Amino acid sequence: MIRVVLPYHLRTLAQSDAEVQIAVAGAVTICSVLDALETHYPMLRGTIRDHVTQQRRPFLRFFACGEDFSLESSDIELPPKIVSGEEPFLIIGAIAGG
Amino acid sequence: MKSTGTVNIVPSITGVVDAEAGRDMQLSREEMLRYSRHLLIPEVGMTGQKKLKAAKVLIIGAGGLGSPAGMYLAAAGVGTIGLVDFDVVDVTNLQRQLLHSTDDIGRSKLDSARETLAGINPHIAIETYEERLTSKNALNIFAGYDVIVDGTDNFPTRYLVNDACVLLGKPNVYGSILRFDGQVSVFDARRGPCYRCLYPAPPPPGLVPSCAEGGVLGILPGIIGTLQALEVLKLILGEGEPLIGRFILFDALKFAFRELKLRKDPACPVCGQAPTIHELIDYEQFCGVKSPLAAEAIDEQTEITVEQLKMRIDRGDNLCVLDVREPHEYDIANIGAQLIPLSELPKRFHEIDSSKEIIVHCKVGSRSARAAEFLRKKGFQKVKNLVGGIDAWSERIDARVPHY
Ligand SMILES: [Zn+2]
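So the sequence lines, in the order shown, correspond to chains V and W.
In terms of this note's numbering, the first sequence is residues 1 to 98.
In terms of this note's numbering, the second sequence is residues 1 to 404.
The set of hints was computed from the structure by calculation and includes no laboratory data.
These numbers were taken from a predicted model, which means no experiment stands behind them.
Just so it is clear, CB atoms sit at the ideal spot from N, CA and C, and this is done for glycine as well.
Treat the hints with care, as some may be off.
What the hints assert, rightly or not - Mimicking DMTMM-like on lysine to aspartate or glutamate, the simulated pairs with C-alpha atoms at most 25 Å apart in a straight line are:
id : chain 1 : residue 1 : chain 2 : residue 2
1  : W       : K264      : V       : D50
2  : W       : K382      : W       : D282
3  : W       : K264      : V       : D35
4  : V       : K81       : V       : E19
Stated by the list, open to error - The following residues of chain V were derived to be distant from chain W, with all beta-carbon distances above 10 Å:
id : residue
5  : Q21
6  : A27
7  : R57
8  : D68
9  : L71
10 : S73
11 : G98
As the list claims (entries may be wrong) - So the derived label-pair ranges between C-beta atoms look like this:
id : chain 1 : residue 1 : chain 2 : residue 2 : range
12 : V       : G26       : W       : L253      : 49 to 55 Å
13 : V       : E67       : W       : L253      : 20 to 26 Å
14 : V       : L71       : W       : R258      : 29 to 35 Å
15 : V       : G46       : W       : D87       : 31 to 37 Å
16 : W       : E130      : V       : S84       : 28 to 34 Å
17 : V       : C31       : W       : G336      : 25 to 31 Å
18 : V       : S73       : W       : P200      : 15 to 21 Å
19 : W       : R37       : V       : G26       : 57 to 63 Å
20 : V       : C31       : W       : K310      : 49 to 55 Å
21 : V       : G66       : W       : Q338      : 44 to 50 Å
22 : V       : E67       : W       : P200      : 15 to 21 Å
23 : V       : P58       : W       : R258      : 17 to 23 Å
24 : W       : E43       : V       : G26       : 47 to 53 Å
25 : W       : D398      : V       : I76       : 55 to 61 Å
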């Protein structure tokens, strides 16, 4: 199972916990993880990636094992610790509270 | 240095304060006693304490983050602390904003903050700027300071603070909070990424709640604002490893800190290789929010004021008032509207009587604006957003409705 951590506004939308677990078939890439996430939580479609362009929303970023994957190709394979579920794939969102 | 398999080139750390300026400072006997626990640490010592005295730190927002940041920096002996805020102390601030006390309710936050900081340390200078930070005044105010602390509570001001810091080449000690989550970093475009490298554009208005809408655990700003103060001290002293190019997430519920690496975006519009932003812009427009000056003018087609709604209810108009807040908020205060939380609207919108004119409300009007837009897309013809939400209703129509 792949662990995915969602920012607060997406947790509310998905009515999920901060961390969700999803099964991903085949290669574990940003794209396949997000596809599986959207299949599980259809209400997240269009919230992480633009409906049309499939581009990451600019106020969200993707991290894996402490490294920023936001600007990487969505087809590259994620690190083994993400694949094994040892580390979560993080979707970080901008917040502005002070 | 952590072994990451790559070679990290750590920029040489020099303090943000001119070493000369620190050397010219003198500490009185009283100050030496006050700062004795600092003087005992070689990384601070007399030299460092003089640097602190010579330093000028500007804090944007005398609220949740600005409180601990300001109080610790004052106590540490930062010689000049500037504060920008234009608000008055409200009872709902007191759960977390320790600069202010119960007796300060209704006072200007800056008057209250000045009194608190001077009480902590009479040896420092406190400058106050009782105005909204804007593209017109930001560069002038920032110019006199060595480090800027971003403790504001909204996206337009965060982009404004970032851009002003990049344009002036000053470090931006960043912190933000929501509910149980905190984020901290030091954005210094001369040595690493800036806020725009991380988030080139803000979320659409209303998507990510503010603390006023979503709530915040009162202790969280205490932790995050204190971490900001820590980074300020390190920048001034030129000691340790600053959070430049590093982003810290704090999850208070799990008690988990995560460190993430950030890189400068070569395409960043303000600090990248070919910047397109050379001066401050209109940040309200950039963030898609109405400027506070224009907030009073409403769009009659899509919006309604609480006064108009009251009048229409009183005259018996056939309205459907829809509340899109969460059930726990409804329990705190409601005006008897039909409740469908925004998150459930996509699967429950058919419960709404489409033959009626629909007035959507939330707490302050941003979630309901999104809900109204959603309903229009789903074919509802007459949908209006209640400007100012139940907060405005409580304030201007019916004080019996609790304000929260
Ligand atoms: Zn940048």
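Against the structure, the hints:
Distance hint between W:K264 and V:D50 is fulfilled; the C-alpha atoms sit about 23 Å from each other, no more than 25 Å. Taken as a hint, the W:K382 and W:D282 pair is broken in the structure, with Cα atoms around 32 Å apart against an allowance of 25 Å. Simply put, W:K264 and V:D35 have alpha-carbon atoms about 28 Å apart, too far for the 25 Å limit, and the pair is violated. Among the hinted pairs, V:K81 with V:E19 is consistent with the structure: their alpha-carbon atoms are about 16 Å apart, no more than 25 Å.
The Cβ of V:Q21 sits about 16 Å from the closest Cβ of chain W, beyond the 10 Å cut-off, so the non-interface label holds. Under the 10 Å C-beta cut-off, the non-interface status given to V:A27 relative to chain W holds; the minimum distance is some 23 Å. With 10 Å as the threshold on Cβ separation, the claim that V:R57 sits away from chain W is violated: the shortest Cβ distance comes to roughly 8 Å. For V:D68, the non-interface assignment is contradicted: its Cβ lies about 6 Å from the closest Cβ of chain W, within the 10 Å cut-off.
Not every CB of chain W lies more than 10 Å from the CB of V:L71, the least distance being 7 Å, so the non-interface label is violated. The claim that V:S73 lies off the interface holds: its Cβ sits roughly 16 Å from the closest Cβ of chain W, which is beyond the 10 Å cut-off. Under the 10 Å C-beta cut-off, the non-interface status given to V:G98 relative to chain W is violated; the minimum distance is some 4 Å. About 33 Å separates the C-beta atoms of V:G26 and W:L253, a value inconsistent with the hinted range of 49 to 55 Å.
Distance hint check for V:E67 and W:L253: the Cβ-Cβ separation is about 24 Å, which falls inside the suggested range of 20 to 26 Å. In this structure the supplied range 29 to 35 Å is violated for V:L71 paired with W:R258, their Cβ-Cβ distance being about 19 Å. For the hinted restraint 31 to 37 Å between V:G46 and W:D87, the CB-CB distance of approximately 36 Å keeps it satisfied. Distance hint check for W:E130 and V:S84: the Cβ-Cβ separation is about 55 Å, which falls outside the suggested range of 28 to 34 Å.
A beta carbon spacing of about 47 Å between V:C31 and W:G336 contradicts the range 25 to 31 Å that was offered as a hint. Between V:S73 and W:P200 the Cβ separation comes to about 18 Å, which falls inside the hinted range of 15 to 21 Å. Distance hint check: the CB atoms of W:R37 and V:G26 are about 58 Å apart, consistent with the given range 57 to 63 Å. Evaluation of the 49 to 55 Å hint for V:C31 and W:K310 yields a pass: the beta carbon distance comes to about 51 Å.
Judged by the Cβ atoms, the range 44 to 50 Å given for V:G66 and W:Q338 holds: they are separated by roughly 46 Å. Hint check: V:E67 to W:P200, Cβ distance near 19 Å, so the stated range 15 to 21 Å holds. Under the hint 17 to 23 Å, the C-beta atoms of V:P58 and W:R258, about 21 Å apart, fit the expected range. Checked against the hint of 47 to 53 Å, the C-beta distance between W:E43 and V:G26 comes to roughly 52 Å, which is consistent with it.
The beta-carbon spacing between W:D398 and V:I76, approximately 57 Å, falls within the hinted interval of 55 to 61 Å.
The structure shown violates the earlier hints numbered 2, 3, 7, 8, 9, 11, 12, 14, 16 and 17.
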